[in-house]
Amino acid sequence: MIEVSHLVKRHGHRTVVDDVSFTALPGRVTGLLGPNGAGKSSTLRILLGLDRATSGVATIDGSPYRSLSRPLLSVGAMLGGPGAHAGRTARAHLTWVAQSNAIPERRVDEVLEYTGLRDAARRRIGGFSLGMGQRLGIAAALLGDPRVLVLDEPTNGLDPDGIRWTRRLLRSLADEGKVVLVSSHLMTEREDTADDFVVIARGRVVASGAAADVTGSHRTLEDAFFALTDEGADFRSTGPDGGTR
Amino acid sequence: MIPPIPQPHLAHSIRAELTKAFTLRGIQATLLAALVAPPALALAAGLAFDPSAPSSAAFPRETHGFETAGFGQPLVILLAALIAGTEYVDGQLRTTALATPRRGRVLAAKLIVIAALAILIGLVATTAAVLLKHAALGERGLRIDQFTPGMGWNLLGVALNYLLIAMIAASITVLTRTVVATLVVLVPSVLGLTLSLLGFFPAVRYLPDLAGIQLLTRYPGVGLLEPVAGASVMAGWAALLGGAAWFTFRRRDIAS
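Chains as they are written, first to last, in UniProt numbering: chain Y, 1 to 245; chain U, 1 to 256.
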């Protein structure tokens with residue numbers, strides 16, 4: 001289980017995460033939703049020990065990420081792409097990641113197979129398409145067969161096939177009983193994928209719960225999303241008429 | 001009796017760092033060049049040696065081959081900078097930090113790998129350079145049974161210099177998060193920029209590259225620090241920069 005409790009992150013006077021609390025449960029896909037710049041990534045970065053919180057606590061099965069000595073056995077994560085040097089082959093990248101956590105190297109072949117990258121294993125990552133890069137990131141996240149998965153915008157920039165593949169994967173992982181926490185700035189993309197929702201705008205949680213709870217009196221979940229985040233959005237999108245909404 | 005607690009996690013990190021180092025072409029090529037360039041230069045210099053040239057008489061026989069250590073040094077700097085600096089490319093450091101959230105362990109493993117490679121290059125390339133130079137010199141060089149203890153010390157001096165310059169290069173790279181700064185600062189220095197300034201500003205002899213330069217080969221009469229004193233000053237620089245890198249690396253947020 002992921003527990004985030006009263007998380008705050010300030011950069012100087014700017015508060016990017018403002019008292020964020022939520023939980024993500026085993027066997028369920030939890031969607032962390034909000035406009036770009038709402039604080040989703042910052043929250044996930046703190047959860048995964050990349051950034052330090054100004055205050056508050058984020059734990060995975062009761063432990064802060066930084067206290068895990070072989071974290072990949074507990075948590076698999078992808079943030080902002082695969083985080084893999086373009087000059088290395090997919091296999092070389094996964095090999096060093098596996099070695100760092102004393103994961104048997106046969107797992108490298110298993111996750112390559114599982115994510116459909118077997119034929120690309122010996123190719124350099126610099127030549128990968130966006131979708132292959134996302135698959136590589138997911139392959140690395142699955143190396144340690146973790147109980148918890150944290151994926152930041154895993155479908156960003158993917159073609160429809162890639163999006164469908166990712167959705168099915170997330171669903172099957174949750175069905176295995178894993179905790180799946182996935183962020184997105186697109187509501188429609190998550191509506192039929194996630195079980196629980198946490199909606200963030202301007203660093204604060206504005207709604208959370210199952211789809212029905214978040215939808216409330218709005219017609220659809222998407223309407224609710226825009227109504228909830230509209231007040232909080234930092235940047236107005238430009239409408240088709242060229243004016244701002 | 002309680003058995004000693006094994007610490008396999010640093011070993012795992014070292015293994016991962018070795019794989020990282022040996023699976024990038026740029027690093028492979030640099031390592032190969034650092035091993036091959038000094039012996040190749042020594043061989044060429046030995047074959048082209050002109051005993052009638054005025055400088056050759058002043059050249060002590062037992063220093064033959066060691067003069068090429070200065071050419072290996074920029075390659076050692078490049079190697080250290082690449083191993084440390086490729087973390088800051090393509091978001092790799094994020095993956096590194098996710099795999100090993102104990103930042104100190106990551107940096108320790110990386111510095112151990114860099115140190116081991118620097119020492120290996122110093123010992124292997126310099127030994128090969130000295131052997132080839134003397135073999136090429138034939139009558140004018142030394143036979144192996146004529147090699148002196150001083151040459152042994154000189155060999156260790158090269159290894160120590162490479163170790164320290166590699167630690168300095170890696171530390172600057174971690175502090176600046178790019179290989180470029182390291183190369184711009186260090187490579188012109190070791191290729192003679194600071195040495196050429198020595199006559200005008202004697203204090204430059206305390207700079208990291210000049211302090212330990214006589215570990216590589218002797219430059220008599222130009223006012224440099226003696227090898228042991230120089231090595232101490234260079235080690236001081238390595239400790240200072242290494243400490244700063246350690247402190248920064250452990251505290252800094254990972255840039256997205």
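Keep in mind that the hints are not guaranteed to be accurate.
Claimed, not checked - Cβ pair distances, simulated, as ranges:
id	chain 1	residue 1	chain 2	residue 2	range
1	U	Leu120	Y	Arg66	30 to 36 Å
2	U	Ala29	Y	His218	56 to 62 Å
3	Y	Arg106	U	Leu120	45 to 51 Å
4	Y	Arg123	U	Ala135	43 to 49 Å
Since the hints were made in silico from the structure, they are not lab data.
Computed from a predicted structure; not experimentally measured.
All residues carry an ideal CB built from backbone N, CA and C; glycine is no exception.
Okay, the hints, checked on the actual structure:
Between Leu120(U) and Arg66(Y) the C-beta distance comes to about 33 Å, which sits within the given range of 30 to 36 Å. Remark: the range hint 56 to 62 Å for Ala29(U) to His218(Y) is upheld by a beta-carbon distance near 60 Å. The hinted window of 45 to 51 Å between Arg106(Y) and Leu120(U) is violated, with their beta carbons roughly 31 Å apart. Between Arg123(Y) and Ala135(U), the C-beta spacing of about 44 Å keeps the proposed range 43 to 49 Å intact.
The structure fails to meet hint 3 from the earlier list, while all remaining hints are met.
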